[in-house]
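K.L.:
Residues per chain are reported as follows:
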Amino acid sequence: MNRILLVEDNEDDIDLTLLAFQRSRIANEVVVARDGVEALTYLHGNADTPPLPLPTVVLLDLKLPRIDGFEVLRQIRAHAATRVLPVVVLTSSAQERDLVQTYASGANSYIVKPVDFEQFLDSAQQIGLYWLMLNSNPPPEGS
Amino acid sequence: MCATAVVAASVVVLVGWAIDNLLLKRAFLGSVMVRPNAAVALGFAGLSVLLIRHRFGRLLGIVPLVIGALTTAEYLYRFDFGIDDLLFHGDPGVPMRMSVRAAIASACAGVAIVARHRAISQFFSGIVGFIGTLSTVAYLYGAEFLPHASVTPIAFATAILILLWSIAFIAATSGHGPVTETFLREDQWGRTTRQLSLVALIVPALFGALCLFETKEELFDLPFAVALITTATSFTLIGTIVRYTADLRVEDERRTAAEEASRAADALYRTIVETSQEGICVVDASRHFTFVNQHLAAMLGYSPAEMIGMHSDEIVHPDDRVGVAERAAARRPAGRTRTELRLLRRDGSIVHAISAATLVPATANTPEFVLATLSDITDRVAAEAALRASEARFRSLYEANLVGVAFVNIDRTEAATVTVTDANDAFRQMFEIEANELPGFAWSARNTTDGAATDQGAMWHLRETGRCAPFEKDFLRRDGSRFAAIVAMATIDEETTVAFVIDVSEKVEARRTLERAHEILSTRLAALEGGDGSLDVRELDALAARLAEANEELETFSYSVSHDLRAPLRAIDGFSRELQTGHADALDAQGQKYLARIRAATQRMSQLIDDLLSLSRLSRKPMNRIPVDVTAMAGEVANEVRERSGSNVTFSIEPGLTTSADPHLLRVVFENLIGNAVKFSSKRDDARVEIFSVDGDGTFGVRDNGAGFDSRYAVKIFAPFQRLHTTEYEGTGIGLALVQRIVRRHGGMIRAESQPGDGATFFFTLSPTAEVTP
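Just so you know, the sequences run in chain order C and F.
For reference, each letter of the first sequence is one residue, going 1 to 143 in this note's numbering.
For reference, each letter of the second sequence is one residue, going 144 to 917 in this note's numbering.
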């Protein structure tokens, strides 16, 4: 089953996102990383931990403790194993500065988290529809 | 006449013979009879001279030729042909044969008549003359003929007739032989020949007669007489010869000198032509060169020898050839032409030249030809072209009207009056003067009070250096208002100075505003810091650093506001909704209502955050003013607002409105003003919104016929989050604050007029260019 990696530090937002997926009938396993370091360890592993199986899509918040979202995105793109991994940036910020920088760093999509939960549900449904069902991922490198 | 006399005498003699009259036989002269054959021969010879013009006359010469020749042969061979007494028989003892001399003369006369060759004819007639003269002179000298058996003495009459005949023949054939031709010439040679011949004829004859006379008187003997004749004749002839030789020598020297002079003149002309610094050539009737001087050949890159025989068209530019041919035709009556044309060098390059050609008519010795002088004026043409180009350059400078250009005359007295003699359009527009006011417009008349002093300073520079560096000066317009200009001048000549004037009033105005602002700033800073008001660079740097720091903090603040204030709101809204949907049965109707209120408040809070952010963003965004079609923009916004609101409002937008503004910001202005107008008039059925300009001075108005408001609050409505209608109409209260900020950034003003229930009108202006930082 295709996994979703959600990188988010705000517990409210984690619960709301999971709720939104649930309401949208998205039954994929959602793995939550609560900061940038945790997300990168999951994807690339470290001295003690081998990398875990790659998710189908990464949902990435920009404001994170320790390593922020931009740096996580940069390292995902710098690493051979995750160079083509779909990354959707989820953020509260509607600032043009963030938008430009995100796409420049190699994000596949950018979604502003709306305050209105109804709209948030729509966004969640669209993420599921597009990234989990329609989009066929490129094969992992080396295979 | 001589010939007639000869013929007549011959007839008389023959008649004498017929009637046997001795007197007639002697022709009344001397003692010897003229023999019949001699008379016949002379008669025919005379007749032939009379008829010399006819062919028949010449044939008559055969008679004396035959008679003379046969008689001479009889003498030579002592033989008798029997011709002597063919006509008449003489008395016995009297020989009938004509004399030897008469026979020879007769034969010679015949040859002279018959001969075709003139020299031969003359030679033989000369012999005849000699015999006639000899015999006549001998008779005159009283020579006596010794009686001889077989030789007949010549009759005196025969001698005279022979002489007469020779004179008649020469006269009849005058100029037809080399001797006579020389004799009869009209020039000096003819005269000299005649004079010398006369001397040669008369002198010996006279001395001969003298000696004969002296000898007969027995004053001296014959040998002395011969010596006397010889010596006297020789001396006389020598004297004569010397005299004429001297004449000849003088004549020869004169001619030699003349030839020398002519040669020298020729050499001089040749040198003049060859060393001339003009091209000179001679062209024949078919326009080929027959002479080319060194300069012309060098001018065209040939040697003179190479050009001889070339056609003149070969050195003329093809475009000018027709002209040359036409002029050659036109030259015919007038004789001279002077034209400007282009010549071709051997290498194909062009020489500009002036050609002066003269048609020299044909003479007896030379055919008609054209003498042409060609002057190289390439340098002059190039100089003229350069001058024209230079003039065109300066003219374009003058007529471009980028700066005011005036030619002025400066009165060099203390008054330093500057009078404009000519000026371009830019200058005239600047000073608001008409073309007919020039020349004579006194620029000093437009001086401000301190203008004259400035002018005098400029005059001093002009006098000293011929120019004055650009300086700033105020002038008065026609209506007395001032304008600032930059003036620079340069002296062209004694009379004229050129002045360049640029109107810089706008720049000066801007600079003065800046100076005033600086002054105010300095004063305020001084008041703040208690200092002396002067700002040094270090303080300014510190100020700028503090400003940048503050901006940075503001940036960080608004960034965190957008993220951090939103997150809790999202949680509130999200969980409230979850309560509403997932846990609906745990709440009663009142609880549901409260949850809806919570969610509405959350949305409003979110909207407030967004507006606050856009307000702060506006201050930092750089502005880009360009010409904007206001009518089109207002129309687009109106359509969008109508669609969004679903209202049936009527729009009236004045056509042709334009301004200079940042289009994105101006659009925000219209979105808010039109949005408000529609919103507040939405409750009316005949809702109407007008967009218009006021007096064309850059003021725009947006009017509605909606709810309106109390004018007392007209100022308050532009403050952020200030709302006059709390519940009836939705909105955050940030829109008009935003509009005011944008209008102020464009250097403009906004105000509102309204009465409650009577609609509202918003007026705003945008200053033409200035941008003001809020």
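Fair warning: there could be bad hints in the mix.
What the hints assert, rightly or not - Taking beta-carbon pairs under 7 Å as the criterion, some of the chain C residues facing chain F (in silico):
#1 10
#2 12
#3 16
#4 92
#5 115
#6 130
Since the hints were derived computationally from the structure, they do not count as laboratory data.
Glycine included, every Cβ here is placed at the ideal spot set by N, Cα and C.
K.L.:
Per the CB criterion, is residue 130 of chain C less than 7 Å away from chain F?
P.N.:
violated, 22 Å
K.L.:
Quick check on residue 92 of chain C please, does its C-beta sit within 7 Å of some C-beta on chain F?
P.N.:
holds, 4 Å
K.L.:
Was the hint right that residue 115 of chain C lines chain F, CB cutoff 7 Å?
P.N.:
holds, 4 Å
K.L.:
Would you settle whether the hint for residue 12 of chain C is holds or violated, based on the nearest Cβ-Cβ distance to chain F being less than 7 Å?
P.N.:
holds, 3 Å
K.L.:
Was the hint right that residue 10 of chain C lines chain F, CB cutoff 7 Å?
P.N.:
holds, 6 Å
K.L.:
Could you check if residue 16 of chain C really has its C-beta closer than 7 Å to a C-beta on chain F?
P.N.:
At about 4 Å, which falls below the 7 Å cut-off, the nearest Cβ of chain F leaves the hint on residue 16 of chain C intact, so it holds.
The structure shown violates just one earlier hint, number 6.
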